[in-house]
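Chains as they are written, first to last, in the numbering used here: chain A, 62 to 308; chain B, 29 to 285; chain C, 22 to 261.
There's no promise every hint is true.
Unchecked claim - List of simulated lysine-lysine pairs, DSS-like, C-alpha gap at most 27 Å: (1) B:Lys268 to B:Lys232; (2) A:Lys276 to C:Lys228; (3) C:Lys117 to C:Lys46; (4) C:Lys228 to B:Lys141; (5) C:Lys211 to A:Lys89; (6) C:Lys27 to C:Lys245; (7) C:Lys251 to A:Lys276; (8) C:Lys228 to C:Lys90; (9) C:Lys117 to B:Lys268; (10) C:Lys105 to A:Lys89; (11) C:Lys211 to A:Lys78; (12) A:Lys79 to A:Lys117; (13) C:Lys211 to B:Lys46; (14) A:Lys101 to C:Lys51; (15) C:Lys117 to B:Lys220; (16) B:Lys67 to B:Lys46; (17) C:Lys27 to C:Lys90.
The set of hints was computed from the structure by calculation and includes no laboratory data. Every value quoted in this text rests on a predicted model; they were computed, and no experiment measured them.
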Amino acid sequence: MTNENKEDNSQLMAEEKKIVVPGELLAKGIEFLPGYGTFKENGEIRSKILGLVKLKEHLISVVPLSGAYIPITGDGVIGIVSDVQISSWLIDINSPYIGFLPLSEGTEDFIDLTRNDITDYFDVGDVVYARINRVTKRKDVQLSMKDRMCRKLYGGDILRITPAKVPRLIGRSGSMIEMIKKRTGCHIIVGQNGLVWIKGEKETLAAKAVLMVEKESHIEGLTDRIEKMLNESATVKTEETNEEVIQ
Amino acid sequence: MITEIDMEYVKSMIKEGKRIDGREFEEFRNLKIESGFVKNAEGSALVTLGETQVLVGVKIELGEPFPDTPNEGVLMVNSELGPIASPDFESGPPNEQSVELARVVDRGIRESKCMNMEKLCIEPGEKVWMVCIDIHVLNDDGNLIDASSIGAIAAILNTKMPKLNEDGTINRENREEKLEISQIPVACTLHKIEGELILDPDLKEESAVEGRLTVTTIDGQLCAMQKGGICGFTPEEVYKAIDISLKKGSELRKKLE
Amino acid sequence: MSELIKDGRRLDGRKLDELREIEAKAGVIKRADGSGYFRLGNTIAVAAVYGPRELHPKHLVDPVKAYVKCRYNMAPFSTTERVKPGPSRRSTEISKVIKEAISSVLFLEEYPKTGIEVFIEVLQADASTRCVGLNAASIALADAGIPMRDLIVSCSAGKIDGKVVLDIAGEEDFEGEVDLPIAYVPRENKIYLLQMDGIISQEDFRKAIEMATKGCEIIYEKQKEAIKRKYEAFEEGVKK
């Protein structure tokens with residue numbers, strides 16, 4: 062590349078992983094592209110939200126630290142049935158936008174509406190793991206339960222975390238969540254919408270780990286700290302058990 | 029959705045430097061002020077600005093002064109944006125638009141110090157005259173703030189004071205003494221459409237207004253201002269709005285004198 | 022006539038163009054989606070933001086963008102004489118102008134059909150309460166993760182004893198001649214809230230605007246610090 066490219070005086074002000082506020086200048090010039098959480102005005106890229114800077118070559122994004130869940134097609138979400146209508150269900154998916162589950166997407170069975178009540182399938186209060194089939198431009202959300210992974214969730218505990226922290230909780234290729242599952246012996250399903258379902262032996266410990274990830278997500282060395290915390294809890298348990306045995 | 033069509037039409041005209049009814053940017057519609065319209069009120073005025081019509085009445089009542097101003101009379105301004113004036117107004121307690129309108133008109137009069145509040149005191153700390161200005165919007169075809177302000181000033185300018193009977197009751201008969209008004213504050217609201225500042229929009233033009241700045245002036249000085257709407261004004265735009273308001277204000281003042 | 026300025030200093034010792042002491046914090050109300058605390062001298066306000074979330078009443082729902090609801094309220098114990106609880110005409114008007122200022126800087130189109138609710142409580146009133154309230158709200162909105170073009174800042178200027186001053190406080194509010202609160206985005210050089218009462222010349226008005234906009238630039242940095250500090254201080258604690 063020749064020096065001609067630098068004539069537009071492109072400049073990068075932002076540093077990876079630094080916290081920025083709305084309006085903060087991240088870069089100038091045509092070399093850089095505005096990604097998620099940013100906007101471009103008068104040749105300058107600025108942050109739209111409070112978040113952490115993420116740089117990938119020429120794409121500058123800001124990863125949010127907070128904010129509501131905005132439904133995206135394809136996301137797996139945990140929801141709670143809030144209303145049952147004649148041939149559809151309304152599902153609270155922890156978002157300003159409600160999830161709509163039509164009968165056709167709720168089950169493969171043939172249902173005779175004159176005889177059957179669809180509450181046989183899902184009733185108010187039921188917890189489900191569903192897939193977002195479609196989100197229109199005006200944010201109408203259609204859900205489906207037909208995916209292999211979709212099902213009703215029985216028992217267990219539901220935690221609510223900031224949706225923005227979900228990627229950190231899952232970890233690269235699921236590494237973080239797998240570690241927590243293994244060390245606590247729990248089934249854990251993480252909805253993209255910030256709802257987390259936990260069921261198993263050490264639900265409290267798993268919950269503690271999940272909340273710790275949420276709180277410390279932006280601080281380096283998280284994986285090590287979580288691992289340490291889970292190890293320490295295992296040790297404590299062992300000591301307690303020993304005491305009981307001695308007595 | 030009909031307002032969307034109006035909005036686009038107004039905007040495209042403004043971009044070409046024109047207004048839908050052919051007026052200049054700084055031109056007011058036809059203004060008619062009929063003073064003393066309501067015989068039972070101590071003062072009144074019916075203002076017709078284009079198709080906008082506002083009736084303002086002044087009642088003088090007896091009351092107690094506010095604790096922090098025991099030697100002063102009381103000024104109260106109320107506004108009524110009733111369903112009679114527009115399909116968009118609902119009956120019921122004043123909404124934020126109505127409250128803002130009343131308070132903007134109130135400040136224009138109060139801050140200009142055109143009314144001698146101490147002269148309205150009868151017994152310090154006990155009894156004072158209360159000047160109650162009520163704004164009734166009869167037809168909303170845009171620019172209610174300016175129309176209401178003009179109406180309020182016109183009404184107090186022809187207000188005649190009642191007298192106090194020996195038994196402490198009010199005598200409203202044969203009123204002669206005028207309520208003393210030392211100068212005439214005039215409000216002029218600049219409205220921003222497509223970056224341009226225009227005066228006195230009608231209802232259609234109002235649908236395209238992004239924001240407005242009301243500037244109340246008295247004799248070369250400012251006495252009150254209020255910005256409304258969802259848009260920003262640079263300091264330069266504010267100063268420009270003030271210049272226009274001072275100029276137009278003196279023209280309007282002549283009609284009220 | 023009371024003397025509000027003596028030897029170039031005001032009753033509280035400040036110079037004519039000096040702001041009161043500033044304190045700003047983010048995340049003070051855990052239950053809210055975002056929250057902020059702002060203090061200017063003895064005037065204190067907190068703000069809580071909820072949303073974007075489902076909007077009620079339904080007739081306010083905008084199919085194309087979010088709708089901002091704002092409630093400015095003074096706590097009954099915030100002033101020397103108790104304020105009657107509940108909305109007043111004054112608080113209704115202030116809620117409106119603050120709502121309009123906030124709506125101007127938010128990317129409302131990103132959340133159609135929803136509501137963003139801002140609650141401002143003035144805990145202690147020593148003049149310029151709407152400015153302090155708006156500053157708290159700006160911090161709260163950023164804290165809630167709501168997309169904004171920039172932080173919005175507010176402060177007041179005025180005229181006392183014939184001189185133009187920055188940040189009206191206490192006695193200056195009652196005995197002063199002019200009060201001019203503004204909301205401003207320094208980077209854009211645009212004013213989003215402006216109210217004025219009192220008699221002032223064009224020249225003095227210009228001076229007042231210049232002072233107020235400079236005051237806003239200082240407050241802007243404090244807001245920014247407060248928002249970042251919530252995460253950075255926590256980071257320090259964890260790394261230990």
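Okay, the hints, checked on the actual structure:
Distance hint between B:Lys268 and B:Lys232 is fulfilled; the C-alpha atoms sit about 24 Å from each other, no more than 27 Å. Between the alpha carbons of A:Lys276 and C:Lys228 the distance comes to roughly 47 Å, so the proposed pair goes past 27 Å and is violated. This hinted pair checks out: C:Lys117 and C:Lys46 have alpha carbons roughly 24 Å apart, not beyond 27 Å. Distance hint between C:Lys228 and B:Lys141 is fulfilled; the C-alpha atoms sit about 23 Å from each other, no more than 27 Å.
Note on C:Lys211 and A:Lys89: the hinted pairing holds, with a Cα-Cα distance of about 22 Å set against a maximum of 27 Å. With a C-alpha separation of about 35 Å, the suggested pair C:Lys27 and C:Lys245 falls outside the 27 Å cut-off, and the hint is violated. Using a Cα cut-off of 27 Å, the hinted pair C:Lys251 and A:Lys276 holds, with the two alpha carbons roughly 12 Å apart. Between C:Lys228 and C:Lys90 the CA atoms are separated by roughly 33 Å; this puts the pair beyond 27 Å, and the hint is violated.
With a C-alpha separation of about 25 Å, the suggested pair C:Lys117 and B:Lys268 falls inside the 27 Å cut-off, and the hint holds. About 52 Å separates the Cα atoms of C:Lys105 and A:Lys89, which puts this hinted pair outside 27 Å; it is violated. Among the hinted pairs, C:Lys211 with A:Lys78 is inconsistent with the structure: their alpha-carbon atoms are about 31 Å apart, more than 27 Å. Proximity of A:Lys79 to A:Lys117 is assessed by CA-CA distance (about 14 Å); at most 27 Å being required, the pair is judged to hold.
For a cut-off of 27 Å, the pair hint linking C:Lys211 to B:Lys46 stands: about 26 Å separates their Cα positions. Distance restraint check for A:Lys101 and C:Lys51: the Cα-Cα separation of roughly 32 Å exceeds the 27 Å cut-off, and the hinted pair is therefore not satisfied. Taken as a hint, the C:Lys117 and B:Lys220 pair is honoured in the structure, with Cα atoms around 19 Å apart against an allowance of 27 Å. The hinted pair formed by B:Lys67 and B:Lys46 fails the criterion: a straight-line CA distance of about 42 Å is larger than 27 Å.
Taking the CA atoms of C:Lys27 and C:Lys90, the gap is about 43 Å. The hint is violated against a cut of 27 Å.
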